[in-house]
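J.: Residues per chain are reported as follows:
2 protein chains.
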Amino acid sequence: MTKPSIPKGTRDFTPDEMSRRNYIFDTIRSVFRLYGFQQIETPAMENLSTLMGKYGEEGDKLLFRIQNSGEKAGEPAEKGLHYDLTVPFARFVVQNRDKIQFPFRRYQIQPVWRADRPQKGRYREFYQCDVDVIGTDSLLCEVELIQIVKEVFRRLGVRVALHINNRKLLAGIAQVIGQEDKLTDITVAIDKLDKMGWEKVVDELREKQLPESAINTLAQIQNIKTLDQIKLFLQNSEIGLKGVAELEEIFSTYNSLNPHATNPTVDFSLLLDLTLARGLNYYTGAIFEVKALDVEIGSITGGGRYDNLTGIFGLPGISGVGISFGADRIYDVLNQLNLYPKTSKDTIQLLFAHFGSAERQYCLAWANALRQNGINTEIYPDICKIKKQMNYADQKQIPFVAIVGETEMQNQVVMLKNMLTGEQKQLSLQQLIGVLKTTL
Amino acid sequence: MTKPSIPKGTRDFTPDEMSRRNYIFDTIRSVFRLYGFQQIETPAMENLSTLMGKYGEEGDKLLFRIQNSGEKAGEPAEKGLHYDLTVPFARFVVQNRDKIQFPFRRYQIQPVWRADRPQKGRYREFYQCDVDVIGTDSLLCEVELIQIVKEVFRRLGVRVALHINNRKLLAGIAQVIGQEDKLTDITVAIDKLDKMGWEKVVDELREKQLPESAINTLAQIQNIKTLDQIKLFLQNSEIGLKGVAELEEIFSTYNSLNPHATNPTVDFSLLLDLTLARGLNYYTGAIFEVKALDVEIGSITGGGRYDNLTGIFGLPGISGVGISFGADRIYDVLNQLNLYPKTSKDTIQLLFAHFGSAERQYCLAWANALRQNGINTEIYPDICKIKKQMNYADQKQIPFVAIVGETEMQNQVVMLKNMLTGEQKQLSLQQLIGVLKTTL
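From first to last, the protein sequence lines are chains A and B.
Start counting the first sequence at 1; every next residue gets the next number (our numbering).
Start counting the second sequence at 441; every next residue gets the next number (our numbering).
Take these hints with a grain of salt, some might be off.
[Stated by the list, open to error] Simulated crosslink set (DSBU-like; lysine-lysine; CA at most 30 Å straight-line):
(1) A:LYS345 / A:LYS388
(2) B:LYS682 / A:LYS242
(3) B:LYS825 / A:LYS345
(4) B:LYS865 / B:LYS782
(5) B:LYS640 / B:LYS785
(6) A:LYS99 / B:LYS635
(7) A:LYS345 / B:LYS782
(8) A:LYS291 / A:LYS195
(9) A:LYS99 / B:LYS539
(10) B:LYS448 / A:LYS72
(11) A:LYS396 / B:LYS539
(12) A:LYS342 / A:LYS396
(13) A:LYS8 / A:LYS291
(14) A:LYS195 / A:LYS61
(15) A:LYS99 / B:LYS448
(16) B:LYS785 / B:LYS865
(17) B:LYS539 / A:LYS345
(18) A:LYS99 / B:LYS443
(19) A:LYS72 / B:LYS560
(20) A:LYS99 / B:LYS560
(21) B:LYS682 / A:LYS388
(22) A:LYS72 / B:LYS501
(23) A:LYS208 / A:LYS182
(24) A:LYS417 / B:LYS539
(25) B:LYS731 / B:LYS640
(26) A:LYS3 / B:LYS825
(27) B:LYS877 / A:LYS342
(28) B:LYS448 / A:LYS61
(29) A:LYS231 / A:LYS291
(30) A:LYS61 / B:LYS539
(31) A:LYS208 / A:LYS225
(32) B:LYS560 / B:LYS622
(33) B:LYS448 / B:LYS560
(34) A:LYS99 / A:LYS182
(35) B:LYS785 / A:LYS342
(36) A:LYS61 / B:LYS443
(37) A:LYS99 / A:LYS72
(38) A:LYS120 / B:LYS560
(39) B:LYS682 / B:LYS560
(40) A:LYS8 / A:LYS192
What the hints contain is simulated information worked out from the structure, not anything from laboratory work.
Throw the hints in and build the complete structure from the sequences for me.
T.: Written out as structure tokens, the structure is:
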């Protein structure tokens, strides 16, 4: 006999948990739809050749590899579970380019898998909710993504700050300090400034053999807070100034729509964050990260622009931009703040309780009528004491119980009990439907 | 450079395909909810010890195994992708028994993975939509599952026959022919009667070394069509007669609710099918299979009662019953019959087309207002010829385009074009919202 357990870093979700999760998914999805995004899905497994080398060396190690089946079982794995939804999306776009229209706007909500060391807030299976536009370099897309972030968290009731930066600006910094070939090292190091402080960044840069003079020049970025200041720092870097110009356009378009955006008392703010770097190498323009203001959990949403992600699959020169909502972190945030609505689409509205098998049969016809009226209805399946049936309703938090005994059958009624107030009254079928439709 | 492809037996789904699939999932889910079922999810990967030995020898071979990560990489796999949702459900029930109420009613909609040889209508990754009640042996559950099947296919517009049998009755047959220890072989063989004919069944039974006398007695079942006939055949088998009694109760309860159920002209029929066996060994009572009447595709939904599925995980004596809708086969059926609604929740209702960047900026504020009114709206992101923007709308089958030039900006209107009729008219923002809310 097996004592039941599940692989570490994975989770079961009970009905209560699923109601909460579906509330998050439904909220995100409905905002995506309003902005004209449409859903796609890709397989859980991709060929390893699609996945390898896209997430850096560390990423390759975190891929879950699937053993070949049949005769090839002993040979090296050919397939792996996808690590994110962005690389599969790029592969999808190239492979299905004849079936889709560019600019292509898609959303995708699926689990991803990473063989990371499990810890608080980090799972081996978790959901991403991705939204991307590919086939245009219009900065309108960046602005729309910012609006989507704002609207999703407004609906969820979570106060957030959206940190924004630009990879071109980081490239400009590398240029200014004369270390263009070390861009990745610098990017990875700067990414840690926020979490670990400047000294750790210096340690890391020395390890990567950046000269002290370059590190000293770079130190200035700690004190740079505005676009005008960074513009000055980057005055001799063409790519850096292009990054600044992009950010200026994004801010000005966004601010024209949202005059109060910089007021720090509001629930959403768009913040320039020059220390934001993001680890993934494919970003080439704007980069985003969203932080909850009332819960310490790190980034709950992130993304950016990539100019050549489809190039690796044979379709170069196509720019795209996207963000990914980390549904599991958002779930943890909402759990901490207890921000869920009281009922969900899965809520059972009525339980029929009965005194015997003739009564149960009577309930069956009534339940059919309620269901035809869109009311989620359950009949207690066993013949047993009413008390047990009431307990069951109580524990499942079913708001109404319709009790049926001999008298109710004779009078063609049920005794409806409101489980919250304890109130009871006899109702005909039409009355019952009326009551349930108005109270729920 | 990698030429993009995906593992054989897996599929990408484009926005059009996802709209169709979501229509199926949403339909099934909403019926599940009406009957008081609530959603759970379990991880894609389970410990191999949970999965192995539950699906017969063939099933074990079809499990996708996941390589261990890190130091254990060379050792035998410890995890696999789930093969169905029933065994993970049984594991879930045992592991979470303190968090749930019995009888426990759950639905579960997730992909499953099988390393089967891919062929028409058979995939290596496909979705199951499962609904089960566990913790009661009430036959009311069987009747409710039949009603769910009927309602789902009524809503989808697919004519189906639900074939029903009972494993106890098959056990009775094995008893009557004196071959109780060969029950599994007999069950597996009878399962093929429908597809391959009696002679193949005989071949298979001979291979399993059933004596000729037993095979000759068994031959009678070809001519048995009614419950009364099988009752006679099983008169000396207690378990067989119990199976008959269960079927009688299911039929009588169902028929009392559905007086026209046996009328063959209706779109749904409940059929006694003594040749129905189903391959999986855990069934112990009623078994079901649903066949589409207008498409040849085999079973599109199936299930049954199991009396001890949780026993293997340490919680014996809990009876359950469930069915699984094969979403991918249903998808194939609906594709063949072309039974989809014209619009979906993902349908984009309006595209803004514009003559330049000032116009595009103007569209942004309008789009915001439409989105606040729940209208799925897209703005063409690039500055380019109107013709290109109209083509884009046309190819994406967006029903309305709002065109904005200098005149429209000056007059605070848009030119709305109905893409189906070609009709155009100037509208204010309030008028535009009104038109879109009524036509869509």
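J.: Taking the earlier hints as the rules, which of them does this structure contradict?
T.: Of the numbered hints, 2, 3, 5, 6, 9, 26, 30, 32, 34, 37, 38 and 39 do not hold.
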